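**Q** Sequence lines, in order, name chains A and B. Numbering-wise, our numbering puts 173 at position 173 of the first sequence, and it's gapless, one number per residue. Numbering-wise, our numbering puts 35 at position 35 of the second sequence, and it's gapless, one number per residue.
Hints may be right or wrong, so weigh each one.
[Said to hold, decoys possible] Mimicking SDA-like on lysine to any residue, the simulated pairs with C-alpha atoms at most 25 angstroms apart in a straight line are:
(1) B/K14 <-> A/V27
(2) B/K14 <-> A/A70
(3) B/K31 <-> A/L8
(4) A/K62 <-> B/L218
(5) B/K115 <-> A/P68
(6) B/K203 <-> A/L96
(7) B/K134 <-> A/R122
(8) B/K120 <-> A/K120
(9) B/K206 <-> A/V27
(10) A/K31 <-> B/A52
(11) B/K14 <-> B/S39
(12) A/K14 <-> B/S114
(13) B/K115 <-> A/D132
(14) A/K120 <-> B/P170
If you're looking for bench data, these hints aren't it; they were derived computationally from the structure. Small disclaimer: the values here were computed from a predicted structure and weren't measured.
Spelled out, the chains give:
2 protein chains.
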Amino acid sequence: MDIARIALNRHTCKAYDPARKIPAAQVEQLKTLLRFSPSSINSQPWHFIIAASDEGKARIAKAAQQGPYAANGTKILNASHVVVFCARTTMDDTHLASLLAQEDADGRYPTPESKAAQSKGRSFYTGLHRYDYKDTQHWMEKQVYLALGTLLLGAAALEIDATPIEGFDPRILNEELGLREQGLTSVVIAALGYRSADDFNAKLPKSRFPMERVISEL
Amino acid sequence: MDIARIALNRHTCKAYDPARKIPAAQVEQLKTLLRFSPSSINSQPWHFIIAASDEGKARIAKAAQQGPYAANGTKILNASHVVVFCARTTMDDTHLASLLAQEDADGRYPTPESKAAQSKGRSFYTGLHRYDYKDTQHWMEKQVYLALGTLLLGAAALEIDATPIEGFDPRILNEELGLREQGLTSVVIAALGYRSADDFNAKLPKSRFPMERVISEL
């Protein structure tokens, strides 16, 4: 598969055709990509909220109607589906215990020793971020971006247009969706669907720094 | 394309066959995936160091030979290729100017007004992170994880095994590769190649939280 060609052909969609909807089978593929995204120590420190209804998209767009964010509100309203990527606000022992129980139920621990070793290794990494780096929230949000990267390339492979959106007010969105009460915070949004004739970015060449500036070899 | 199937079939490789090397044409695809990864405001706040030589991999492995990191050192030494994902340590005006010049050279600005508008929008976002959120470093590192997500799914599509590695000492790696002097810091590593018979993880089922726990619909 020429996955590099897919990466070269994708672009950030700037205007969606509100009449075109992503077929259900492809929505399932997008959900699988999100759910099975890798994360450090399999921590899955996330939740994904998907809006397909006009009402759901309107609620999300409330956080992107102010000043410089307004153009993003329009994308959110016209896209077929919109994903709000949320991070957990804690990486607590309850979460770690339920992670280990899920892996056990899924058959990853042939012996009690292998389960104990995984738990110990995971404690090392969560402790590193909690006590040494003191960056647990950022660490979790990085995993969310890993899922965003997975979704954007996956959508392109399915010939679905997408727009990663940082330009929104997370306080408004957290309040609108009651995210804090659920131990979550909104991190980034992805709009998904099919571009309209107004998508000027589809006609512009992609731009990146030259290979030699961003890659060196050892 | 059944990209979800590819995501379901990938796994974190725990042991590499040192004799198997990624063909040159596929290495080029991996480099294209990295170079063309999306990033917020196209900021490309990164540099990727790729080691294919034994000497290069040994230099990287120096940062993963201590205590709990030792198993990662072995993966780094036995993988075909190893990518060190670096973030910039500043998002300064020189970088922003060279970004705008690159986009101009690549033909993204049909009018001076469109170029000025892009520069203004970009200043808004860099200012937001510099002055309001005060999280520029974390913001840049999130983009690096977006590139990591792109690479991991892309490698799976090319049937290349991969291992995302946070378990290394970035101070040792920064010093070994002289990264600070280049305005860079190491963030995460990916080993790439082909699994050996010792890769116990290839035989274990994947585990993730159930769909209803990680995805909700609006």
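**Q** Each hint: holds or not?
**A** Evaluated hints:
no. : hint              : result
1   : B/K14 <-> A/V27   : violated (31 angstroms)
2   : B/K14 <-> A/A70   : violated (46 angstroms)
3   : B/K31 <-> A/L8    : holds (12 angstroms)
4   : A/K62 <-> B/L218  : holds (14 angstroms)
5   : B/K115 <-> A/P68  : holds (16 angstroms)
6   : B/K203 <-> A/L96  : holds (23 angstroms)
7   : B/K134 <-> A/R122 : violated (29 angstroms)
8   : B/K120 <-> A/K120 : violated (48 angstroms)
9   : B/K206 <-> A/V27  : holds (21 angstroms)
10  : A/K31 <-> B/A52   : violated (35 angstroms)
11  : B/K14 <-> B/S39   : violated (29 angstroms)
12  : A/K14 <-> B/S114  : holds (14 angstroms)
13  : B/K115 <-> A/D132 : violated (43 angstroms)
14  : A/K120 <-> B/P170 : holds (22 angstroms)
In this structure, the earlier hints numbered 1, 2, 7, 8, 10, 11, 13 are contradicted, and the remaining ones agree with it.
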